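Trainee: Residue numbers (the numbering used here), protein chains in the order written: chain A, 50 to 425; chain B, 50 to 425; chain C, 50 to 425; chain D, 50 to 425.
It should be emphasised that the hints constitute simulated quantities derived from the structure, not laboratory data.
Take these hints with a grain of salt, some might be off.
Given that identical chains are not distinguished, each listed pair holds provided it fits within a single copy or across any two copies.
Taking lysine-lysine pairs in the BS3-like style, the calculated list, with each CA pair at most 25 Å apart, reads [to be verified]:
id, residue 1, residue 2
1, Lys199, Lys309
2, Lys116, Lys199
3, Lys144, Lys266
4, Lys116, Lys425
5, Lys230, Lys144
6, Lys55, Lys199
None of these values were measured; they are calculated from a predicted model.
There are 4 protein chains.
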Amino acid sequence: MSNEIKVGIVGTQFMGRAHSNAYRRVSDFFDLPAPPLLRAACDVNPSDLDAFAQRFGWQTKETSWEKMVSRDDIDLVDICTPNVLHMPIAVAAAKTSKHILCEKPIAMNADEARKMLDAARQANVRHMVAFNYRRVPALALAKQLIEQGKLGRIFHFNAVYYQDWLVDLNFPFVWRHDIKKGGSGAHGDMNAHTVDLPRFLVGEIEAVCGAQQIFIKERPLQNGKGTGAVTADDTVYFLARFRDGALGSFMATRFATGRKNFLRLEIFASEASLIFNLERLNELQFYSRSDEGSEQGFRNILVTESSHPFMNTWWPPGHIIGWEHTFVHEISDLLLAITEGEPVYPDFYDGLRCQQVLDAVCQSANEKRWIDIPEK
Amino acid sequence: MSNEIKVGIVGTQFMGRAHSNAYRRVSDFFDLPAPPLLRAACDVNPSDLDAFAQRFGWQTKETSWEKMVSRDDIDLVDICTPNVLHMPIAVAAAKTSKHILCEKPIAMNADEARKMLDAARQANVRHMVAFNYRRVPALALAKQLIEQGKLGRIFHFNAVYYQDWLVDLNFPFVWRHDIKKGGSGAHGDMNAHTVDLPRFLVGEIEAVCGAQQIFIKERPLQNGKGTGAVTADDTVYFLARFRDGALGSFMATRFATGRKNFLRLEIFASEASLIFNLERLNELQFYSRSDEGSEQGFRNILVTESSHPFMNTWWPPGHIIGWEHTFVHEISDLLLAITEGEPVYPDFYDGLRCQQVLDAVCQSANEKRWIDIPEK
Amino acid sequence: MSNEIKVGIVGTQFMGRAHSNAYRRVSDFFDLPAPPLLRAACDVNPSDLDAFAQRFGWQTKETSWEKMVSRDDIDLVDICTPNVLHMPIAVAAAKTSKHILCEKPIAMNADEARKMLDAARQANVRHMVAFNYRRVPALALAKQLIEQGKLGRIFHFNAVYYQDWLVDLNFPFVWRHDIKKGGSGAHGDMNAHTVDLPRFLVGEIEAVCGAQQIFIKERPLQNGKGTGAVTADDTVYFLARFRDGALGSFMATRFATGRKNFLRLEIFASEASLIFNLERLNELQFYSRSDEGSEQGFRNILVTESSHPFMNTWWPPGHIIGWEHTFVHEISDLLLAITEGEPVYPDFYDGLRCQQVLDAVCQSANEKRWIDIPEK
Amino acid sequence: MSNEIKVGIVGTQFMGRAHSNAYRRVSDFFDLPAPPLLRAACDVNPSDLDAFAQRFGWQTKETSWEKMVSRDDIDLVDICTPNVLHMPIAVAAAKTSKHILCEKPIAMNADEARKMLDAARQANVRHMVAFNYRRVPALALAKQLIEQGKLGRIFHFNAVYYQDWLVDLNFPFVWRHDIKKGGSGAHGDMNAHTVDLPRFLVGEIEAVCGAQQIFIKERPLQNGKGTGAVTADDTVYFLARFRDGALGSFMATRFATGRKNFLRLEIFASEASLIFNLERLNELQFYSRSDEGSEQGFRNILVTESSHPFMNTWWPPGHIIGWEHTFVHEISDLLLAITEGEPVYPDFYDGLRCQQVLDAVCQSANEKRWIDIPEK
């Protein structure tokens, strides 16, 4: 069909799979004037690429991203590579007028992010950063409640992102342990999410003060020969002051034994509070001071009603959805924005703003002092 | 002081301890015109009696309940004995014009219960059955919400009472295993509570159909010589129809591995629902259809506010109370009723009504059919 | 491809959508020698059929199930119709040597179920009943733990299935309210699941005693003209004795205000216990008496590890899956069984056994007495 | 009796009540060679004093703490005053050879704390700081598990202490809002607890970096005439490095809408993890990597078994205790230590160490940089 949006994806690992799944499912549940066409997949490793393309039905293959980006049968470039490649691919894609979806964190640092933003704006293409948690229905509901004024003045925004897959001493050295390939470790991977969420929900951070730690300094190489030196952080904590006076904290770690993908938000405000946990992503806890005095309590909203964001298209109430559905929501909105020529969020500006906070935290951890966030 | 209420207690085991504790604490927190005086303790076992009286400060001792009941320096007889003795002690106490607090279940059967009720009424004394869970603040709050009309028409009242102390094959034979001493096993001990609660909260049961089971038929005697035959039920389940059309279920068992004192109520009604669990007795879950549509959820009320029943006398919000506090509340209300000459509930009529249901369940289990509950 | 399994589906509503989704996703995550081909969709309503077929990519359409079942380009007939049509379609499909997947409950009654079983056996085709909850990873893990002997002797199997969509008085009259079309109401729809699960996990039921209730007798017709008389149950409760002596309870209701799709299992046994709740289907609670004494407690297993059933093909630990994934698992196993010519479970015999229990409960509710389940 | 320990208490408010309750209950449940005698109560406000002494049975009264401390019929001085009086009373008490129990935080600053420690050591009396949460049974169990080596290397110690009583704009100005009377606000009151607990459980803090905020700058005076300027913090957050390399965070706030007395600990270590929440103080969550792989999960230990710390003297399993019981445990241990002439912990050295951390956090918040904690 002429009205399809032809997608080229770079990267075939975890995120490549998650995005592929979303492209394949989105039209079964969301009404899109222009559905996606899985046109080309790209990876430097040919055997990974073959398996990936066959499994998810990508029509053609490339082992060079430069080549794929320059093809004229691609409308949208989807970047699922290690972080170090985000900027070059995105800038190249913008130059050939491709729309761009880029995994988070947007780049290795804010300078790169700004180049990406400038390139995308100049090319006048749609640009989006894959902060998929904005489209967890429970968090989209949180956004609604806040926009309706139900929270009032924000006092606290506390976020943790706990995983535990590095507690195992035998977990091998991978690219995420190398600061040159990832820019950072847990920080860029996990705090990128938790830094985007307050920007989505409650406002801008003014200043940060952080600390990092590497608990395990050496890890076995995957080829079985020796070890690699871990240079990327295992954990980063930081305190934050928001522009409106709220106080916040952020803790990301891959050493939270027993927690698998535990992203918890706690938002305390003058009229109400919200609690969220990604391991129970179909639920949102809401406490309201406008409930009658002796009946106040955290209510656990099962966010599966047709009145809840994104949920009218799925299943009846109580039939929960999974983590992967957030990508379907994200890609649905992106494809619609491309068709309609409208902006879509979070865009590269959001990616840049997040990266500025991440960079400031790193600087703060190095210099052991508070660092202000640029005003824009 | 002349205005003290002189208490005589019979039985020095678990319930004797719980009641003693309540008598000793009640005036520290509740304003009573006539506080209790711990006048006399009674037990057939002199060594148990001595230790008990000394620990809790009972002023005098008796080894014959007949003797204690006939003393004229006793105002209130508190019955904490095996069930088989409830009726004779209560009737004797009434005959000498003593007020009476009796542990649950009120008696071995409804006939005995009626004798107790008749005796107490004839003597015009205060009479109370120690269904202490009516005075868990969370359940008193539930009662308030129901009386305020917030639940509407009741559809379901489901109760479980799970314990696990008999799962251990080596747990010895005690009086509770002997149907002649207890009247029943888990049924009278645990279902007595859960049958009283719907009467307190939602209304009368019309008919029941039950089943029972003894999982372990023989248990070692405490003297180490042989085993005793278990004749009292390990578990009793029953279905119930309420007069107003609600459907209910009740399950009591001492074989719920991992559950220690887990009494859960689920009340589903046309406007709202309530969930309660005794292992978290400071909490009440409340779901209301009058909340805004997309914000509905079970809210967990931490029942520790000064606006909550019984709680203004204890500690600031969030400082939880324990299981034993329910007896302090109960005894506070009883002593006040004695002083003021007013009725107090649950009384022996409530005990009788509960016993009628318990009896009908036993009959139903034996005859394998539904049994109607007497109208009064 | 010659090795595809050509599927014809009858019914385009809720279950039709859930199955379609599964056929479209299964090969993206499971390695199947013969993937499904969505060959034909059937519905008596042409406009529903068109929309359905287009959305999910069904290649051809039929408005007569008789016609579709007789086509020779169909290998597998998938029955997602109202219950009254299960038997005729299944028997016809068997006669033309089609494999069959049938939604639950298998039929209107056990007689119908036996006809289906006989027909399928005679035709030597694969036959499966869509008790999809057997393939919730947490329940498949429960099965593993039980097979490893970790539970010991079963004392109790308690199940509830709570929904609340009928509490709304304005909810219109639909086919599920008509006993002639559904055979029963909440009972066949919800207890069918909860009756299959103990058969999967712990063993056969010996006798049952049940009660039912219709709370709202009349509902508005969807055309806005008058009301329809509700003849199917709103709720059914029953007690059960298992052959091995365990005592069980089952409660299904659509009047559990606040509960959306709350299927809770509680299994108490001599060595361990298990708790499950479908609204948090990625979790299984497990209590083991073999843990050290002072460390015993219900542990909440987040069933998302690659070592857990079905989960190695999805996402990393902590990235939860949804309700719909159970159908992917089910259909994966069915397609594999078809390819390999092996039996697959739950089959029509399981459907029959479940139906015998459901029938006995209805008879029990009518006759107000216990009813034995046939031995086979 | 000659063997009683004669107690003199200073302060009759919240803590005065909690301690009084403990003195009155301790002998009913714990076997003490020398039980407490409630000899004298002291408060500058005579009417508060009269009501307090009468309610809890204090035998004599004083309105001057200097006078009470100098009485020779007092063995133990219990300090429940505003923080500014802790040091002078404790030093005076030591000089007259009284044993001392002091509420937390120990003093206005570390200098004062050291004076108290020196005075107590010189007088060779028992000295204890009322960090009562060390004697929550669940936390005493946590200590046991850590001492048994079940946690391994500690990676993270994260604590929050959330309350919400200051969210109400109308809450009046009290001494806790005046930095001159309290030394600090939420910090000294709440972080004092959470700073003591890692010292009890996992080790010493090396350096901290904090931030504070006052959200509401003016509050109405209790006399109704005008407002008072809030000078004590509403919230203090800080990051911490432990000597052994662990990374920690601490957040105390009185603006956590919906949280009443929510003190949550999360301890993540190489072999296991522990989670605790004071609002459910009878429970401890424990995750162990030594459980079998597919069975790992956070287990919720109901800390009410007779094998659990302090619990063998109370009630059967599952019968929960309340917040106030922690004081009974504390005072039992203190009285025993006095009788036996043995040290008891947490003592004034623990109070000093805690105060050093608190002071460093304040300095850090003022100077916006990390501050090292003194080595001893």
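Trainee: Where does the structure disagree with the numbered hints, that is, which hint numbers, in rising order?
Mentor: 2, 3, 4, 6
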